[in-house]
Structure formats: structure tokens, C-alpha cells
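Peer 1: What follows is each chain in one-letter form.
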Amino acid sequence: MILRNLTPKNIQSILKASSERTMIKAETIAPRFLVPWVGTANVYFYPTRSDFVILENDKVYVTADIYNDINFIGFSNGLSLDVMVQTTSFIPFNIRRDFKLARYMKEQNQLHFSFFNLTMFNIFVVININYLSIATEMHERWYKLLFNSTMKKYNKIINNER
Amino acid sequence: MPNDELLEVAIPITPEQLIEQLKGAELARGEYIFTIDSNRVVVPALTNVTLALNLRPYVYIMYKHILTSDFYDSQFTFLFRIDDTKFVITPSQVAFETQKDLSISNYLPGKITYTYDFFNPFFFDIIVTIYIEAIRMERNLYENWYRLILKASEDKLSELAVSEGGISI
Numbered sequence: 683m684i685l686r687n688l689t690p691k692n693i694q695s696i697l698k699a700s701s702e703r704t705m706i707k708a709e710t711i712a713p714r715f716l717v718p719w720v721g722t723a724n725v726y727f728y729p730t731r732s733d734f735v736i737l738e739n740d741k742v743y744v745t746a747d748i749y750n751d752i753n754f755i756g757f758s759n760g761l762s763l764d765v766m767v768q769t770t771s772f773i774p775f776n777i778r779r780d781f782k783l784a785r786y787m788k789e790q791n792q793l794h795f796s797f798f799n800l801t802m803f804n805i806f807v808v809i810n811i812n813y814l815s816i817a818t819e820m821h822e823r824w825y826k827l828l829f830n831s832t833m834k835k836y837n838k839i840i841n842n843e844r
Numbered sequence: 201m202p203n204d205e206l207l208e209v210a211i212p213i214t215p216e217q218l219i220e221q222l223k224g225a226e227l228a229r230g231e232y233i234f235t236i237d238s239n240r241v242v243v244p245a246l247t248n249v250t251l252a253l254n255l256r257p258y259v260y261i262m263y264k265h266i267l268t269s270d271f272y273d274s275q276f277t278f279l280f281r282i283d284d285t286k287f288v289i290t291p292s293q294v295a296f297e298t299q300k301d302l303s304i305s306n307y308l309p310g311k312i313t314y315t316y317d318f319f320n321p322f323f324f325d326i327i328v329t330i331y332i333e334a335i336r337m338e339r340n341l342y343e344n345w346y347r348l349i350l351k352a353s354e355d356k357l358s359e360l361a362v363s364e365g366g367i368s369i
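So the protein sequences, as listed, match chains A and B.
Per the numbering used here: the first sequence = residues 683 to 844.
Per the numbering used here: the second sequence = residues 201 to 369.
Source of the hints: derived by calculation from the structure; they are not laboratory data.
Where hints are given, some of them may not hold.
As the list claims (entries may be wrong) - Lysine to aspartate or glutamate pairs mimicking DMTMM-like chemistry, simulated, CA-CA at most 25 angstroms apart:
1. A:Lys691 - B:Glu364
2. B:Lys286 - B:Asp317
3. A:Lys834 - B:Glu208
4. A:Lys691 - B:Glu359
5. B:Lys223 - B:Glu338
6. B:Lys351 - B:Glu220
7. A:Lys835 - B:Glu364
8. B:Lys286 - A:Glu819
9. B:Lys264 - B:Glu338
10. A:Lys691 - A:Glu822
11. A:Lys741 - A:Asp780
12. A:Lys782 - B:Glu216
13. A:Lys741 - B:Asp273
14. A:Lys691 - B:Glu333
15. A:Lys741 - B:Asp317
16. A:Lys826 - B:Glu364
17. A:Lys826 - B:Glu354
18. A:Lys741 - A:Glu819
19. A:Lys834 - A:Glu822
20. B:Lys264 - A:Asp780
21. B:Lys351 - B:Asp283
22. A:Lys691 - B:Glu208
23. A:Lys834 - B:Glu364
24. A:Lys834 - B:Glu359
25. B:Lys351 - B:Glu364
26. B:Lys351 - A:Glu822
27. B:Lys286 - B:Asp237
28. A:Lys741 - B:Glu333
29. A:Lys691 - B:Glu216
30. A:Lys835 - B:Glu208
31. A:Lys741 - B:Asp301
32. A:Lys782 - B:Asp301
33. A:Lys834 - B:Asp355
What the hints assert, rightly or not - Output of the computed footprint for chain B on chain A, the stretches with three or more beta carbons under 8 angstroms from beta carbons of chain B:
34. 692-698
35. 708-720
36. 741-755
37. 803-814
38. 828-841
Backbone N, C-alpha and C define an ideal beta-carbon position, used for all residues, glycine too.
Next up, chain A with everything else stripped away, as it sits in the complex (with noise of 0.2 angstroms):
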């Protein structure tokens, strides 16, 4: 048999369904926190071990317990607001904000969230976060080298091209 369509997502879910691996976890995380009236808050996130790389197919959702069009948000998929930046602009927190946990660039377990309140009561926030993440053992010796095999042969089509 010919293996095909190696996509994350397919590779995720059969991962998912290892029934006993535990270089594999999937996990929820939904920590609260304090945005002061008038002021700001930066929320940066680790959410998983060093020794674990977070896939990219889970999502981050962040709710407050008072939304308000003079309140804003800021999300990044990194270190600062500057790298892998996710919101172009800071956007106003008036529903709950929905993001997408994507891991294009390598390293990158650190999410960064900047709060705005410029209410005159303070706000508690709620970064909700489901991740799946690999063995960092495994990423790089499993689930990467089946990505470089079909880059491969993408090479190979691009040259047949020329």
C-alpha cells in the first residue's frame, strides 16, 4: 500500500487514537486573569513542557466577564507582539475572541496576550486553550520527517517543471 495525503491533521488523528501513548497528550487549560481598570495586562504562556511541541490543530478562545467596545486585545504566537503576530491590530474585546493555535515556525510554544481596559471597573479574563502536543524526541524524529519526505517529492515536481 501506498501511503498518501500525509496531512497534519490525518497524522494527529491517528496519533489521538494511539490508545497508549503518552508521547501524545491532548490537553485543556483556561486560566483567569486580572485586567486593572485603566491599565493593562501581558499574559505570556507556556503552555505545555519543554519536552513537548504543541501541533497545530487546537484552538485559543479568550472570554472576559465584561465585554466593552473600548476594550482590546492582542495575541501573538510567540515571544512579543512584534513576532508571529496573529492580530494585525489590537481588536475590541466585545465578544469572546476566537484564535487559531497555528505552529508554523519552529519553537514557537510561547503565546503572548496584551490586554487594553480602558473601563473604570476591573475585568477578568479567561484564555482558554486546547492543544494537542508530541514528545519533542518524537517531533523531531517521526512527525517532521514524514513532512521533509513529501517536501521531497514536491522538489521533485518543481524540478521536472524546469
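Starting from the known structure of chain A, arrange chain B on it as the hints suggest.
Peer 2: Just chain B, lined up with the frame of chain A:
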């Protein structure tokens, strides 16, 4: 023309494809069933409650796993683990400020218990509903069909990784 030439099955075959195949073929009728389970738990004021769902003797392959409540607040929290402490889904307390989709579809089939710990810091009772959509499969079908097909995919993927200098899982 023989079937082998007309039809090719490509791998990896995913859990989603297997479930669709079961639906289409109707061969294993009776050995699996689509179930909806809804458990209601009262978390009394200022207490912690632990609820354990025993999934024996079937294998449950989860679709949806949603927790709802009649009161939401970020100080009301819960923890969730599978098979006691072996598989911890929530490494820290999860704020229950909105409906929670635990995003564990197809994860770890064949486990025995789901355990929830709720922490209610308020002066009133809270009612939580745990909504589960799943496929309940007989262990025989799971061990001798579902698991084997998935293993074939795992093995083939490992073969590719090893050919690139990697490891087998």
C-alpha cells in the same frame, strides 16, 4: 475487472474514515452504536464534588465532550482526568466561565473511567451537565478491526520516518 484493480485504499486511514466506513458498510451492526449520554451532577455550595463515569465493558470513541452549567463564573473550576491519574487532560484547574468543549474526540479510546472534580466556591448549588456523543464499540470489534487498521497506518508512517533516519513509534 477484479476488485483489487478497481479499488485502491490509501493509507494513512484515519479514525474519522473508519467511523464513516462503519456507517456505510453496515456490516458490524449491533457491534457498535452511536450514543448520546448526558450526566447531571449537583455541586453543592462551598464544596468539591468528584464524579467518575465508568465506561466498562465497551470501548467508547468520543465525538463530542461538552460541559455546561446553570451558572458560569471564572471562580467555579474543574479538573478532568482519564483512568485516574494516568491521563490528565486538565493539568491545572479550568475556569468554568462558559460552556466547555474538552476537545478529546477520538483521543485514547478504550479507557475505563472519566473523572471530573468540580470546585464550587459560591454560597449556592450549581448543576453541571456532562454531554457526551460517542460511538460505543464492542471490544472485539475494536481490538480485531479498528485498532488493527490504525496500527497498519502507524506502522507504514514509522517505516517512512525510519527511511529518513528517524525512529519507529
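Peer 1: So which of the earlier hints does this model not fit?
Peer 2: none
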